[in-house]
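Protein chains in written order, with the working numbering: chain A, 1 to 211; chain B, 1 to 211.
By construction, these hints were calculated from the structure, which means they are not laboratory data.
Some hints here could point you the wrong way.
Copies of the same chain are indistinguishable here, so a pair counts whether it falls within one copy or spans any two.
In silico DSBU-like pairs for lysine-lysine, Cα to Cα no more than 35 Å straight-line [as the list claims (entries may be wrong)]: (1) Lys86 - Lys110; (2) Lys113 - Lys23; (3) Lys52 - Lys209; (4) Lys3 - Lys112; (5) Lys209 - Lys86; (6) Lys52 - Lys205; (7) Lys3 - Lys110; (8) Lys209 - Lys112; (9) Lys209 - Lys113; (10) Lys110 - Lys209; (11) Lys3 - Lys113; (12) Lys23 - Lys209; (13) Lys23 - Lys205.
The residues making up each chain are set out below.
There are 2 protein chains.
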Amino acid sequence: MNKRGILVVVSGFSGSGKGTIMKQLLEEHADTYALSISATTRAPRPGETHGKEYFFVSREEFEEMIRQGALIEHAQYVNNYYGTPKDYVYQQLEMGRDVILEIEIQGALKVKKAYPETLLLFVSPPGAEELKHRLVDRGTEDEATIASRLSRAWQEAQGVENYDYFIINDNLEECVQEVHSIIRSEHARVARNHVLIEHIRAELKNFAKGE
Amino acid sequence: MNKRGILVVVSGFSGSGKGTIMKQLLEEHADTYALSISATTRAPRPGETHGKEYFFVSREEFEEMIRQGALIEHAQYVNNYYGTPKDYVYQQLEMGRDVILEIEIQGALKVKKAYPETLLLFVSPPGAEELKHRLVDRGTEDEATIASRLSRAWQEAQGVENYDYFIINDNLEECVQEVHSIIRSEHARVARNHVLIEHIRAELKNFAKGE
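With the rest of the complex left out, here is chain A (with noise of 0.2 Å):
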């Protein structure tokens, strides 16, 4: 198959579990995938490292970095500034591994556009009491926020006919080797081989011309 990565967003509802599932995957295939390392401007929690959980910048650093055309997407919470770095996840897919970036929709649709071979899997939970239920079950949330969260899921879930696989997590084992299938399957796709069937077209037509 074709060397370069995919470049592969993940969306998923809150509580679908896919930071789990993103997690196990690099553990299980290190060698294979990325995860894309975001720029931020907010300051680094205890134990948090430059370069492993986030790139920690300036907030002129990170505007220099959008004028620049550095980062692929970004966008602004909270007073601060959270963008993806070209610069990494080039590196990554040059080398041949296929990239991971976790963002929501919005930054999902943004990345889409302006990279169309970007991959987007969707992880949700097998329905919506399952969803509700693991909202609960973490007991961190008070049911305000529970309702305000399975709210935004919904408004989520409109955006969800953009993305390319509907994952549904109903078990983490299963669902690990499921999204693994599915970005290796990707490789295949005829969209990602133009180079690959140019050239066994060039070679048969030289056979057939008996060189």
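Using the hints provided, position chain B relative to the given structure of chain A.
Just chain B now, with coordinates in the frame of chain A:
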């Protein structure tokens, strides 16, 4: 995932090994896949059974099937009709089986036009050199036949862009596994899960309203 089967058309260069791959796939996953059985007006050869290798029908019966729209696609070779009866395919799809249809590129494109949700797979040897070796190794064709097959392969290669996946048959076992994986993954495509997505969306809406 959704329960309905997927109609899978498999084509490939003569010498690509697609027949062997499909045979193996069906043996390994007899409950998952069904092979579409063609109808033909040619006489059965010794050992061939009606309803197994082919549905053997008379010319009048075949032309009646055409008139009634009972065929997904059909073509005529050397005075005989060959076609794909709808009934059997639909039955199997309804039962949740993915139905494999082995036809050449012209038929494949006709099927895709009539049923846009059809999955088109194209099987190729690793390169033209390998294809030539395989044709020579068969020992059944003379040089002129091989040249004509290679020339035919080159013509067929023009239509590959209309396929969904381009699968390299380098190693039989790996290739069977890859085809299986591609078809399983395809079940999670957003375009194949509109009903499920709409269902989850409706549930979320109710929950968000606190019902």
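The hints, checked one at a time:
1. Lys86 - Lys110: Close inside one copy (14 Å), not across copies (42 Å); limit 35 Å.
2. Lys113 - Lys23: within (26 Å within a copy, 41 Å between copies)
3. Lys52 - Lys209: Neither. Shortest intra-copy (55 Å) and inter-copy (40 Å) distances fail the 35 Å Cα cut-off.
4. Lys3 - Lys112: Classified as both; 21 Å inside a copy, 29 Å across copies.
5. Lys209 - Lys86: Neither: 45 Å inside a chain and 40 Å across chains, both beyond 35 Å.
6. Lys52 - Lys205: neither (50 Å within a copy, 37 Å between copies)
7. Lys3 - Lys110: both (25 Å within a copy, 32 Å between copies)
8. Lys209 - Lys112: Between copies, since 32 Å is at most 35 Å while 42 Å is not.
9. Lys209 - Lys113: Answer is between; shortest inter-copy Cα gap is 33 Å, intra-copy 42 Å.
10. Lys110 - Lys209: Only across copies: lysine 110 and lysine 209 sit 30 Å apart there, 47 Å inside one copy, limit 35 Å.
11. Lys3 - Lys113: both (23 Å within a copy, 32 Å between copies)
12. Lys23 - Lys209: Between copies only: 33 Å across, 52 Å inside.
13. Lys23 - Lys205: Intra 46 Å, inter 30 Å, cutoff 35 Å: inter-copy only.
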